[in-house]
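**Student:** Construct all of the structure, not just a fragment, from the sequences and the given hints.
Read left to right, the sequence shown gives residues -22 to -1, 1 to 303 (mature numbering (1 follows the signal peptide of the UniProt record, and there is no 0)).
What the hints contain is simulated information worked out from the structure, not anything from laboratory work. As the structure is a prediction and not an experimental result, all values here were calculated from the model. Any given hint could turn out to be false.
What the hints assert, rightly or not - Below, a list of computed lysine to any residue pairs in the SDA-like style, where the Cα atoms sit at most 20 angstroms apart:
1. Lys132 / Glu160
2. Lys85 / Gln301
3. Lys117 / Leu157
4. Lys247 / His8
To be verified - The following label-pair restraints were derived from C-beta to C-beta distances:
5. Gly156 / Glu246: 44 to 54 angstroms
6. Glu32 / Met114: 30 to 40 angstroms
7. Ala12 / Asp173: 24 to 34 angstroms
8. His8 / Lys117: 51 to 61 angstroms
9. Arg285 / Pro216: 29 to 39 angstroms
10. Asn134 / Lys85: 23 to 33 angstroms
11. Arg158 / Ala243: 51 to 61 angstroms
12. Gly196 / Ala63: 43 to 53 angstroms
13. Ala191 / Ala63: 35 to 45 angstroms
14. Gln154 / Pro112: 25 to 35 angstroms
15. Lys85 / Ala63: 22 to 32 angstroms
16. Lys9 / Pro130: 55 to 65 angstroms
Ideal Cβ placement from N, Cα and C applies to all residues, glycine included.
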Amino acid sequence: MKQSVVRLIGAAIILAAPLAGAAANDAYPHKPIALQLGFPPGQATDTVARMLAERAAARLGQPVIVENKPGQGGSVLLSSFVRQAPDGYTLTIAATGAAVTNHFLYKTVNYKTPDDFTPVGLVADLPLVLVVRPGMPFKDVAGLVAYARQHPGKLNYASPGTGTSSNLAMEMLKHQNGLRIEHIPYQGSARAMTDLLAGQVDIAFDTVPAVQAFVSSGKLKALAIGSEDRLKLFPDVPTMKESGFGTVPAHVWIGFLLPKGAQPAVVEKLNSVFNAVLQEKEVTEKLENFGVVAHTTTPQGFEAMLREELPRWGAIVKDAGLQPQ
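**Tutor:** Right under this line is the structure:
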């Protein structure tokens, strides 16, 4: 009799386990979600993340709290992020630099993309704008290249950090044209723009949200943009391709990641929620006003993209003549 009871209890536990798991997934999320960013407040990724977090929270029924943890272009955050519990309550938006190119720029990176993460979905593509401070004696990219060749070492450029797409774009421009332009890395776009406006640095590649107000007010001059076509925001600014420098990778993508081992049901829920947010008319219009091109993908599609991006950016880093530090 006792053995029969034990068998019945055991069978009940086995049968109940999947149901309990399903119930837990249905209940997700039952507490706030932390959205960790490897960038300081005010940077383009931070601006986009906060807008998406607010919209997603309304759909999820729980707050999505943005936490900024900048350092090494986002790599510091990803190094600690991989040790977080894969329970769906710690999420990140990673950019091209930290997720991909830093594997080729640093000898030691404490994570492997995408194997140490659970990809959730691509978010957007952000073209970079090549801007210069007032008073520079050139009006286009060709003029910049000619001036830099005639005055090697005289110019410098700002970036939001070593390993960022902004850094890599300028290094590729330098390498392809044999230029000597000193790199001045900053902790984020805000400080870089402050020094550019003050004349402490000469040039920068940065996102539309970072430079839009300064270009529109005439405080900075935009030479070119890394988008496929001219933007409505800057109809008079030519693309890098139009300018004759189309092989410079002047853009950055961003996407959602969870720690490795996240439950498929949680991944699918977050993917569906953020895809829905990205398709909201108001969100789409706001992103367009930032010069941001929204994308929606499946988790599987984003993982496939990450695997394709690794060799592509590895080749770009090599072609730019950069060595791992």
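**Student:** Decide, hint by hint, whether the structure agrees.
**Tutor:** Against the structure, the hints:
1. Lys132 / Glu160: Answer holds: Lys132 to Glu160 is near 8 angstroms, not above 20 angstroms.
2. Lys85 / Gln301: holds (9 angstroms)
3. Lys117 / Leu157: It holds: about 18 angstroms lies between the C-alpha atoms, which stays within 20 angstroms.
4. Lys247 / His8: holds (13 angstroms)
5. Gly156 / Glu246: 44 to 54 angstroms: holds (49 angstroms)
6. Glu32 / Met114: 30 to 40 angstroms: holds (39 angstroms)
7. Ala12 / Asp173: 24 to 34 angstroms: Holds, since Ala12 and Asp173 (Cβ atoms, about 32 angstroms apart) stay within the stated range.
8. His8 / Lys117: 51 to 61 angstroms: Cβ of His8 to Cβ of Lys117: about 57 angstroms, so the range 51 to 61 angstroms holds.
9. Arg285 / Pro216: 29 to 39 angstroms: Holds - the Cβ-Cβ distance for Arg285 and Pro216, about 33 angstroms, lies within 29 to 39 angstroms.
10. Asn134 / Lys85: 23 to 33 angstroms: holds (26 angstroms)
11. Arg158 / Ala243: 51 to 61 angstroms: With Cβ atoms ~54 angstroms apart, the hint holds.
12. Gly196 / Ala63: 43 to 53 angstroms: holds (49 angstroms)
13. Ala191 / Ala63: 35 to 45 angstroms: holds (40 angstroms)
14. Gln154 / Pro112: 25 to 35 angstroms: holds (27 angstroms)
15. Lys85 / Ala63: 22 to 32 angstroms: holds (29 angstroms)
16. Lys9 / Pro130: 55 to 65 angstroms: holds (57 angstroms)
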